[in-house]
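Colleague: So the chains spell out like this:
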Amino acid sequence: MTTIYNHSRASNWLAALPIVAISLFVGVPVINIFISSIRLDSLSLLRTTAIRDIVWFTTWQALASTMFALLIAMPVAFCMANFKFTTQRIITSLISMPFILPSIVVGVAFLQILPRNSRRTAFALILAHVYFNFGFAVRLISTRWLQIHPHLDDAARTLGASPQKVFLTLTLPLLRKATTNAALVVFTLCFTSYGVVRILGGPSRSTIETEIYFRAMQMGDVSGAMLLSALQVVIIVMLFYASTKIKRNTVEQTSRPTISRRKPLRTKIQKIVATIIISSATVFALAPVFAIALKSVITNSRFTIAAWREVFRNPDILQSLSKTILYALVAMTLATLLGLFCACAIVYGNERLRIISALTTMPLVISAVSIGLGLIITFDQRPFDWRGAQFMLPLAHALVALPLTMRIISPVLQTIPDSIRQASSVLGASSWQTWRNIDLKIIRRAIISAAAISATVSIGEFGASSFLTRRGAETLPIMISRLLSRPGDSLQSQAFVLATLLVLFSTVIIFVIDSLDSSSNATTENSHA
Amino acid sequence: MQPPKILMLEITGVSVVYESSPLFSNLSLTINTHEIVALTGASGSGKTTLLRCIAGLEPVTAGTIHLDSRDITNQRAHLRNIGMVFQDNQLFPHLTVGQNIAYSLKIRRVAKKLTDQKVREVLSLVGLSHLIDRSVTNLSGGEAKRIAVARALVAEPQVLLLDEPMTGLDTDLHSRLLHDLSKLLRARGTTVLHVTHDHAEASAIADRVLDLRQLIS
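If you read the protein sequences in the order shown, they are chains H and B.
Residue 1 is where the first sequence starts when you use the working numbering, and the numbers rise one by one after that.
Residue 1001 is where the second sequence starts when you use the working numbering, and the numbers rise one by one after that.
Since the hints were made in silico from the structure, they are not lab data.
The beta carbon of each residue, even a glycine, is placed where N, CA and C say it ideally should be.
A hint or two may mislead.
As the list claims (entries may be wrong) - Across the chosen pairs, the derived CB separations fall in these ranges: (1) Gly1044(B) x Ile276(H): 33 to 43 Å; (2) Ala1187(B) x Pro163(H): 30 to 40 Å; (3) His1199(B) x Ile276(H): 45 to 55 Å; (4) Ser1069(B) x Pro411(H): 52 to 62 Å; (5) Pro411(H) x Thr1137(B): 29 to 39 Å.
Please build the complete structure, drawing on both the sequences and the hints.
Modeller: Below you can see the structure in the form of structure tokens.
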């Protein structure tokens, strides 16, 4: 993209900070993991039946979770993209909420709602993964579905295609890229899932991710953990590479058609089908969080708010709460600034700066547990022994959130036509004044969304925190895990209170993001008009 | 001696209410076999909606539509055998030119050999045989329009509906395409309802030119 900032040296400088941060705190640790895993002569570990079983279980549960998440998402996305109804916005937010819930909360919720004999089974794990990811798949697929011009369907119908044929021959092929993207992200998240597996898998159901943690932190087999981490990275990178091949030949239409696909529910059948699909999805999204909230006010089978009182009196929990908020604020600031710098460097910079886009994919491909492990094995010697440093945890959180913040800001920045900036320049504004008064004003909602999502990531982050958190400075997810592992109904209820607080926070965030999104859509539509 | 006129499309007393206000009421129109009728009218008068009702893409509030003496008022669009060329073509972006044209034949499970033959025939009629394997996203405005017409014609519809097909084309291309289209439709004896706001275009292509307001009683 050519912009008036293209010749500015500032765009090159903007790229420097994120490149250094990602290279130093993700690149170097990952390279260290690879070098160490080869050097440590532990490749024989991969030949053991136990590890093979873990790799197999990790793969098939991720495949099954992805398949079921997409199967559930498809009819919901169909309703969201094709029908107009009054509660659409609120239902979109509610269905999206599970995706931003902390993984440990999802694990805890399913521990509550499932019957005792299904709690620590593959079924529980897959169900929780489906719950966690189906809203994300709905969002991705319905957004693309909305971009398919409704007259394309009409053209197919006048050519003799029945509604089923229209779906199979037109809609599905046009949704292929979105579906592949959704499948890839959901599979990656299920493959590298940590919190859900820690809670619902128990000792008998390990995935590569939990095995990395157990080997490094409980068995003291750091070399084995590093080897597994390297294996996981290789599998995910191969998967991303394969998906680019699949997506290469797909057609992508990026603008919304001038006519909306969404039509009011007309026939009785439409009303019945849409009501069943939407209400089932909403109940599925809400039931686990209600179960947590309910459990937080029930101790020893009695209704009481004692656990809530206890939480706000317990100095350890209060300290954990304040640390979590502090880390979230630091991580949010770092991730948002780095994401903004990356987006600016990509949009304004020259072709060479596109490398940032690939670099920021690294924290997506490399799991949070691997990032945590990489950081503690890399920065473990003076003068760089930062294992106990307070800044490591928010820094790791920021790096985990960076791919999201960059991907929220960058598309909005790309939609700004350079003619607006040129008009500003012609009116006498300097480059800085143009950026401040044009670009920044247009992307400010995206910046707020990015900040909100990075705060949510930090508050709920469990994988990297398991490695980097220190006693006396535990984050809320670590505190929940600790409370749940102790006996006593009162302590368990306190864990549910904390989980409820995380749910409330996530709910507020998703509604804030959606309201910003809808108002920015309204602004765009007005400017087009 | 001229062949006897056979009624192909008969619209009787059709009304359409859109968001509780009537778009048009009690509209009647007849079109004979092989006839090309042009329908003019101001923007927003309901020309496109009428075409969509005939094609089965919108329901009518009142009245009946008969095609070749068959009541199709409540029949679903894909069963009507009425073709339509949309204002913005609506070529399927994931298919090549050849695959777009073959779409209706594939839906009807026509044998591959016959499909290929028909696709080549119709492409040759619109003068674009060399584009058979081209992606439709790389076509010029005129080429896309010809492909849209070819795609509709290959299905051999009983009536072809043209919704402002010349919109967005430059003057040169407009007159050339209009001439070619008129020649092609007459050669094939296609029954056509052509909607446009341009009276000159209507007169150039049609046997009969009607104003939408004349059809409302």
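Colleague: Compare the structure with each hint and give your call.
Modeller: Checked hints:
1. Gly1044(B) and Ile276(H) have their C-beta atoms about 38 Å apart, which keeps the hinted 33 to 43 Å range intact.
2. A hinted range of 30 to 40 Å for the beta carbons of Ala1187(B) and Pro163(H) is consistent with their spacing of about 34 Å.
3. Under the hint 45 to 55 Å, the C-beta atoms of His1199(B) and Ile276(H), about 51 Å apart, fit the expected range.
4. Against the hinted window of 52 to 62 Å, the Cβ-Cβ separation of Ser1069(B) and Pro411(H) comes to about 55 Å, which satisfies the hint.
5. Between Pro411(H) and Thr1137(B) the Cβ separation comes to about 21 Å, which falls outside the hinted range of 29 to 39 Å.
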